[in-house]
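Colleague: Model the full structure from these sequences, guided by the hints.
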Amino acid sequence: MADSADVHSLDGPRGPKPRKKLSRRNIILYGTLFVVAVYYLIPLYVMLVTSVKGMPEIRMGNIFSLPLEITFEPWVKAWSQACTGLNCDGLSRGFWNSVKITVPSVVISIAIASINGYALANWRFKGANLFFTVLIFGAFIPYQIMLYPLVIILRDLGLYTKLPGLIMIHSIFGMPILTLLFRNYFTSIPEELFKAARVDGAGFWGIYFRVMMPMSLPIFVVAIILQVTGIWNDFLFGVIYTKPANYPMTVQLNNIVNSVQGVKEYNVNMAATLLTGLVPLAVYFISGKLFVRGIAAGAVKG
Amino acid sequence: MNSIEIKKLSLNFDEVVVLKDLDLTIEKGEFLVLLGASGCGKSTLLNCIAGLLDVTDGQIFINGKNVTWHEPAQRGIGMVFQSYALYPQMSVKGNLSFGLKNAGLPKEEIEKRVKHASEMLQIESLLERKPAALSGGQRQRVAIGRALVRDVEVFLFDEPLSNLDAKLRTELRVEIKRLHQKLDNTMIYVTHDQIEAMTLADRIAVMRDGLILQLDDPKTIYNAPANKYVAGFIGSPGMKFLKGTILQNDKPIFKLEGGWSESPDLSNYKFQESIKTETQVWLGIRPESVVVGGEAKNMPVNFSLEVEVVEPMGADTLVWSQIGGQEFRFIIDGNISVNVGDRVTVGFDPAHVSIFDFDNEERL
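Chains as they are written, first to last, in the numbering used here: chain A, -11 to 290; chain B, 2 to 365.
None of these hints come from the bench; they were simulated from the model.
Among the hints, a few may not be true.
No farther apart than 30 Å at their CA atoms in a straight line, the calculated lysine-lysine pairs in the DSSO-like style are these [to be verified]:
{"#": "1", "chain 1": "A", "residue 1": "Lys114", "chain 2": "B", "residue 2": "Lys9"}
{"#": "2", "chain 1": "A", "residue 1": "Lys114", "chain 2": "B", "residue 2": "Lys8"}
{"#": "3", "chain 1": "A", "residue 1": "Lys114", "chain 2": "B", "residue 2": "Lys66"}
{"#": "4", "chain 1": "B", "residue 1": "Lys21", "chain 2": "B", "residue 2": "Lys220"}
{"#": "5", "chain 1": "B", "residue 1": "Lys178", "chain 2": "A", "residue 2": "Lys114"}
{"#": "6", "chain 1": "B", "residue 1": "Lys178", "chain 2": "B", "residue 2": "Lys113"}
If you want the footprint, here are the derived chain A segments under chain B, 3+ residues with CB under 8 Å [as the list claims (entries may be wrong)]:
{"#": "7", "segment": "182 to 190"}
{"#": "8", "segment": "198 to 211"}
Keep in mind it's a predicted model, so treat the numbers as computed, not measured.
Glycine included, C-beta positions come from ideal geometry on N, C-alpha and C.
Modeller: Here it is, written out as structure tokens:
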């Protein structure tokens, strides 16, 4: 009888398998993650501390040390007094130019691309595949090839150096990748939903605005993030298709940091750079979760 | 009067022929089930009737009007989908009224119809909820409601119960039947489930490869299937087929291939036409038309065989055996106990078998 008692008692392994917290695997994994994180954060740290130091402190050369005395003077100067060429009104002008470029470009490109994607996914018209292929092909052509022809086109349209011209360029260049993104997302929406809406008498626009769009918040967020950061960070198109009065923030930043006359004001440069990067950074922080969800959702079907 | 008339309908996807020269007439108030394995073209046919697919050739009439080129919404149909296809961001009420708003109906009329439909389907308490907050059965009810509010002549169901669990499926099946009795409008119902087909239909159209193999009432389809495919598709567990020849002397006699002590006399089987001797055939016997024990002795054909596998299913028990090297199975009452190796006496009435030509598999 002793044997059967042994069988019924609960000696030996029971419940969840114990896991060692300090296993070699964990140490290597978290150690690597920590080192990589520090590696990426150090430049940001240097920028932050330098931007709140005065020039005398910077000249002492301790770039890693915390500031002895915190001053926001460099930030103010970068925003409203830093000089580019003859203008000394700081980055603020570039900031507003960038806003004037980014907002309409984002809205126009997403509006058109989402309708493109919807039409390609749901209303398979004749030649849809050819149209799609041509559009996607556009994504693989290097920009440099198109720079000069576009200058001529814009000049003939009378839009060269003007903001609407640059907005048009951004909207066009966003089209291939955004259309792909939207098409894939709309393809992943069950076709029966689209059929049901047709039986319910909704037309092309009715289905788009009342059925498809309300279901597609994640993909719209992804598109907004891609476009806002892409267009805000653009330098090449900004410097080519505008004139100094219309330069976006990135171009102006470059001109401030690379100006050769006078003393190099590292703290002002750092502050200016941080100011320029603030918008994309804010966008990432606010919408990180939605971004991942949307990308994953759009990636399921090709 | 005919509710739906389909004339010479063909549909190709590029090179693939899905429907060919299909003719179908459905009477007003009829419940027609399109039954077939997946890929037989039954859903495609339904989509053509709904106007969701452009046909390659042929015409579709609904209520005597040629609607071949009409938009789905103009055809006077309501449709229920397998995946419910409810608009996820709208409330139940929004889902029900979406089509009516698109049609430009006045507000009071919309209210009235939504109220009527939701009472009928017992979903009044759910009107403010979003589809995500509903169970599968409730969702499908709302989907039916969406067709109901449109106040249409023809209802189209595309495998509406396939996403539900077995218990709910039987419940909603009855409800759909009740709904049909109450509304008395034409319903076309696509399914691959033969039980749904048998229970719901006034007539069943069994389809394969874009063709209708047999269009008849459920009883005829069950008792006198037009060919071997239909015979095997309808009934669960399915009909078993014995290979053999018919010898015609003074009466038709079935000779099993592989040898069998019995040679059943088929004189009370109703042949479609007189049959030549030495015709190779399939003899189909439904497991449930075989009887055992004392009853078997009274049957025109009876014999004994050895039990090989026993599958108890509760009410019934399915028994597998062999006749002359060919598989044979039959159903007995679940209370009778049989064991592997037992010898049992079984019998059947040749009037209740089906005989098919060996080559073209058509009913003889």
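Colleague: Determine for every hint whether it applies to the structure shown.
Modeller: Results of checking the hints against the structure:
1. A:Lys114 x B:Lys9: At roughly 25 Å apart (the allowed maximum being 30 Å), B:Lys9 and A:Lys114 satisfy the hint.
2. A:Lys114 x B:Lys8: Since the Cα atoms of A:Lys114 and B:Lys8 sit roughly 27 Å apart, the hinted pair holds (cutoff 30 Å).
3. A:Lys114 x B:Lys66: The given pair, whose Cα atoms are some 29 Å apart, holds under the 30 Å limit.
4. B:Lys21 x B:Lys220: 27 Å, holds
5. B:Lys178 x A:Lys114: Violated: B:Lys178 and A:Lys114 sit about 42 Å apart, past 30 Å.
6. B:Lys178 x B:Lys113: Holds. B:Lys178 to B:Lys113 sits at ~24 Å (cutoff 30 Å).
7. 182 to 190: Coverage by chain B holds for the segment 182 to 190 of chain A (8 residues, Cβ < 8 Å).
8. 198 to 211: It holds, with 4 qualifying residues against the three required.
In summary, the one numbered hint that this structure violates is 5.
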